[in-house]
Each structure stands twice: as C-alpha cells, then as structure tokens.
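Turn these sequences into a full structure, and let the hints steer you where they fit.
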Amino acid sequence: MIASFKIAVRFLKSSRGQTVMIAIGIAIGIAVQIFIGSLIQGLQKSLIDSTIGNAAHITIQQEDNDQLMADYESVIDAVRAADERITYISPVLQQAALIIDGDQTESILIRGFDYKRANPIYAFDSRFVEGRLPAGANEAAIGKELQAELSLSVGDPVDITITGGTKLTYTVSGVFDLKVQSLNKSWFLTTLESAQDQLDKSGLISTIEMQVDDDSVFQVDELAVQLAELPDFSEKKLIQWKEQNEQLLSGLNGQSISSLMIQVFVIVSVVLAIASILAISVLQKSKQIGILKAMGIRNRQASLIFLFQGLILGILGGFLGVALGLGLAYAFTVFARNPDGTPVVALLIEPGFFALSFLIAVVASSLASLIPARRSSRLDPIEVIRNG
Amino acid sequence: MDKIIQLDKVSKIYGTSVKTQVLFDIDLSFDAQSFNAIIGQSGSGKSTLMNIMGTLDRPTSGDVTINGTRTDGMKTNELAALRNQTIGFIFQFHYLLPEFTALENVLMPAVIKYNKPSAETVRRAHELMELVGLEKVKNNLSSKMSGGQQQRTAIARALIMNPQIILADEPTGNLDSDTTQTVYGMMRQINDLYRTTFIIITHDRKIAEMTDRIVEIKDGRINLDVTRSTT
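Protein sequence lines, in the order shown, are assigned to chains A and B.
Taken in order, the first sequence gives residues 215 to 602; the numbers are from the working numbering.
Taken in order, the second sequence gives residues 6 to 236; the numbers are from the working numbering.
A couple of the hints might just be wrong.
No more than 20 angstroms apart at the CA atoms, straight line, and that leaves these computed lysine to aspartate or glutamate pairs for EDC-like [to be verified]: (1) B/K211 <-> B/D183; (2) B/K80 <-> A/D594; (3) B/K24 <-> A/E597; (4) A/K220 <-> B/E109; (5) A/K501 <-> B/E104; (6) B/K80 <-> A/E597; (7) A/K220 <-> B/D183; (8) A/K381 <-> A/E344.
If you want the footprint, here are the derived chain B segments under chain A, 3+ residues with CB under 8 angstroms [claimed, not checked]: (9) 84–90; (10) 103–109; (11) 183–192; (12) 195–207.
Worth flagging that the hints you see were computed from the coordinates, not collected in a lab.
The structure displayed is predicted, hence computed values, not measured ones.
Beta carbons are placed, not taken as given, at the ideal position from N, Cα and C, and that holds for glycine.
Okay, here's the thing in structure tokens:
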C-alpha cells in the first residue's frame, strides 16, 4: 500500500502541469457547488427569517373562533412541558375595533400582550420609531402607517369604538414599525391586563402564540399534531405558519430542488472529467504499470496507484475548491450590495456544508479513479514487454 | 546439478481465429548458477520462450517449473510474487520508470515487496550501483541518463532482490560494441560473485560464444544445444 502511495505521488509530481490542471478542475467544480449552495441556503434563510422570524410559528385558539380561553396558564404550562423545541410562548387577547375620526374610519385590531413574554417573539423593543411600549391601563402603541393616517403623535389621546358601540379612550405611548404594512396599519397594542379590563374579558385570552427554535421551524406541522394530542386540547385548534405560507414554501422547495440539481450536475461533470483524465493517464503510464508488474507488483497494488492518485487529487482539489468557494462567497457579499450597503443576499457560510463539499470532492475523485484502477489491475505486463 | 528452470513440452500458439504456432514442444532445462545464451533469428520464438520462462506469458500447453515449483496452477498474484523474488529481468529496452531516479529504480522491486526497503537492501543497492559503475549518477532521474547507463541501472535492478535467475532479452541490443563488452563483463562478474543463473537471449553470436552454453532456436524448435566443455 505504501509502495502504491509512493508511486502515485511520484506519478503526480512528474506530470505537475497535468496534476495542477486536474486539481483546479475539481476546485472550480466544488467552488461553484459551494457558492450556489451557500447562495441558495442564504437566500432561503433570509426569506424565512423575514417571513416568520418575528411572528408566531404555532398559534393555539378555541375551535370556535368567537370563544375565548380561560384556562390559558395551564395550557401554556402543558405546552412548555410537552416539547423542548418550543422556545417562547405568549398569550394574547385580541378584538377588532374602529377608530372614527371625522369622516375617516380605520378598522384596527386591539392586541393585548404580556410584553415580557411577547417581546422575544415580536422583538417589539427594537421596533419603536418613537415612544415606548404601553404600560398603564389606558396606554396604547400604534403602527407608523396608522399614525400617518390619523396624524397622531406620542401623548395624543385616541378614541376607539368596540362592538356594541362602547367608546374607549387611550393615550398613544409610542409608534412602532413591524416592517409589514398591514400590521402597521391595524395593530393597536395594549397590555394584556388593560385589554382584559377594558374589554370586560377578565381572565380570558383569544390565542396562545409560540415560537420554536431555529432548527425546528420546518417541523411545526409535526409539532402541531403532537400538541393537539395533549389532554384537554380536544376543543382547541392549532395553526402553524406552514399552512399559512404554502406558496412561499412551494417556492422555496422549487428553489432547493433546482439548486440541488445544479450542484449534482456540476459534481457529475467534475467526476466525468477526472475519470477521463485518469483513464488517459493509465494509457500514458501503461508502460510503467507493465514494468512494475514484471517486477512483481500485485494487481491490487497496481490499482491502488490510481485510487491514491484520485484520492490525492480529490483532497488537493477539495481544499482549493473550499478556499475558492469561500473567496467567491466573500467577494459576492462585499461587491454585490444594495444601495444602503447591505449585501444583496446574505450568504450562509455553514462549516458543515463546506465539509460535506470537501468530502464530496474526495469521494467523487476516488470514485472517478475506480475505472482507471480497474484497467490498471487488468493490464497484462506481456502486452507492454512484447510491444516495447 | 539442480535444474533451476525446466520446460516440458512447451508450445505457444498466438491468436484464436488465425493461429500462429511460435513454439513447438520445447523440452529445455537450465542448471542453477550456469551462464547460458539462447540465440536465434528474429521471429524464431526466442523472446516468447523467455517470456514464458519468466512467467510473464503462459504456454498454450506444457509445463514450466521454476526452482522446483510448477507454475501452471499459480494465480496472477502468486506469479507476481515469484517473479519479484526469484527472477530478475533485463530487457532490450531498459524499461526503467522515468519518474524515478536510478537508485529508486534499483530499489523498486524491494519497495514493491516490503514497502520500505531495509537498511541492508539500501546498502546493497549502493553496492550494486558501484558494481555497475554508476555511483556518481545514481541520483539522476533515469530518463536523464545515457542508454548504457540506463541498461546498467536495469542490471542493478534485476539483482536487487538477489534473484536466483536473471533473464536478459537482448541486453546489449541497443548499445555500441564497447558498452556491450562492459555490460557483458559485468554479467559474467555477477555470475561469479553471486552465483546467479544467467539466461541471455541474443542474436549476436559473438556474445553467445562467450557464454558456457548456447541453445539455438529456429522456427520454434531447438536447433542446436552445445555446452562448453569445462576444463
């Protein structure tokens, strides 16, 4: 085995130009594969992030939409105990209302949050353009679109009308921007106690919203099924983000598959290229193999020479490819930028993916050397000796 | 004296549809430690005979016995091991590996067998290089040497495993007459020194006449077999 390795190394060294060319060929293939993979993964991650990064992943409500939940603290405890993947849980009491300002009517959604529990999900803290979260009984925060429509500022009173015609008055404590126009226009944030109190829904909530950890966002459907089987959940309904974003998901899916296809074909062409170059090198070296066989090299040793060549080329090409891929990715994030200076696409640099690509380079090159290795093993020394 | 190589009724036929018989029922044996020549015109079958004696080729019929072991039932890898340890080859074309230096080429059979040659073997390689007069160029790439140097390197390589038999096919066929004399003298010296059996194939009668036994092959048959009377 060591003899085969020594001979393989010497063969590669003696035709340095060819070796460098093959290694660069592998490297370019792997670099393209890494670049495309990172690009698509980064694209998908940022899409998912902006879609559900600050939204509820799973929502629990009563089967009957109009009904409210009274036993919510015990439900929260049950959910928390049920699965470790659930990271944040927050109860919400919400009700539709109207703001009538002269001849202008805006429909809003009062959302009463327990901000200690809701902040990790929605990151309200960092979303305020002005003022702060509501704290007292009659304070409310509004979105920047609603603020513009009604030309309100922090500290101004605002009158709302709820079903039944009851009028309530709040003071604007702050203006938020959740980056989604419809939410900025309709969400009317109050504290949970204030909402329960003002809406006369003491001890009741409408929904429990929760988020799962980053690695489990795509497992919410399975998780929802699992939660639905908890005791006392028979009259409750679970909604998860995947049901609500089917189009996005099928788009992402298509993207993943096409990216995978490109990666596979790049690797296939790399494998074919290496295989054909190594096959030619068996012809080039057939005289040497014949001599070695006349001197008593065994068939297995003879084929190992080419397997080692493939392995060494794969390792060389793999390292080069990973470096080149990283360089490409880095160049892309540095030079392809939005007008505001943020990268067009934040590439996802995942060590695991790079390691996998490296492994693919090594395995593919070794596989590509199997055919030449077989030919080398079959070569009859007499052919070389007789034909000179 | 012991027979180191014995051929019994060896025939060789090439081709399947158009059959060409090259060797006809050859019965031939060589004594251990002897110094022999096989002569014959080109196409007489002498190279085929050597390839069969060296287990590089298999006879169509008949048996080859090397050092008391029948080779007809042996597998490719067993034959490779037998060649590696028992037989040294010297070809008309030196057949050195151009990627390696002269010394590395000499050590190659040992590398194949042991992966790392022992200090003893390495010392022997240096000795052999000295014996063939190449100690000054032993670290040159074999492709950067003259024809005579390459052939002498091939002789040193043939000897590294201390084989009992050296099969040489036109070892001086590519060399000028002075170098031919040197190479021939060297082979004689090795025969005396290491008691290695030599079978030299040549078409050069002058070379053949310097050996102890001449076997002439003509049209695939033994035409003449003379042994120099030992005085």
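Hint-by-hint comparison with the structure:
1. B/K211 <-> B/D183: Between B/K211 and B/D183 the Cα gap is close to 13 angstroms, so the pair holds against 20 angstroms.
2. B/K80 <-> A/D594: 13 angstroms, holds
3. B/K24 <-> A/E597: 18 angstroms, holds
4. A/K220 <-> B/E109: 11 angstroms, holds
5. A/K501 <-> B/E104: It holds: about 12 angstroms lies between the C-alpha atoms, which stays within 20 angstroms.
6. B/K80 <-> A/E597: 18 angstroms, holds
7. A/K220 <-> B/D183: 37 angstroms, violated
8. A/K381 <-> A/E344: Cα-Cα ~26 angstroms, so violated.
9. 84–90: holds (count 6)
10. 103–109: Coverage by chain A holds here, the residue count being 3 at a Cβ distance below 8 angstroms.
11. 183–192: With 0 residues in contact (Cβ-Cβ under 8 angstroms with chain A), the coverage given for the stretch 183–192 of chain B is violated.
12. 195–207: violated (count 0)
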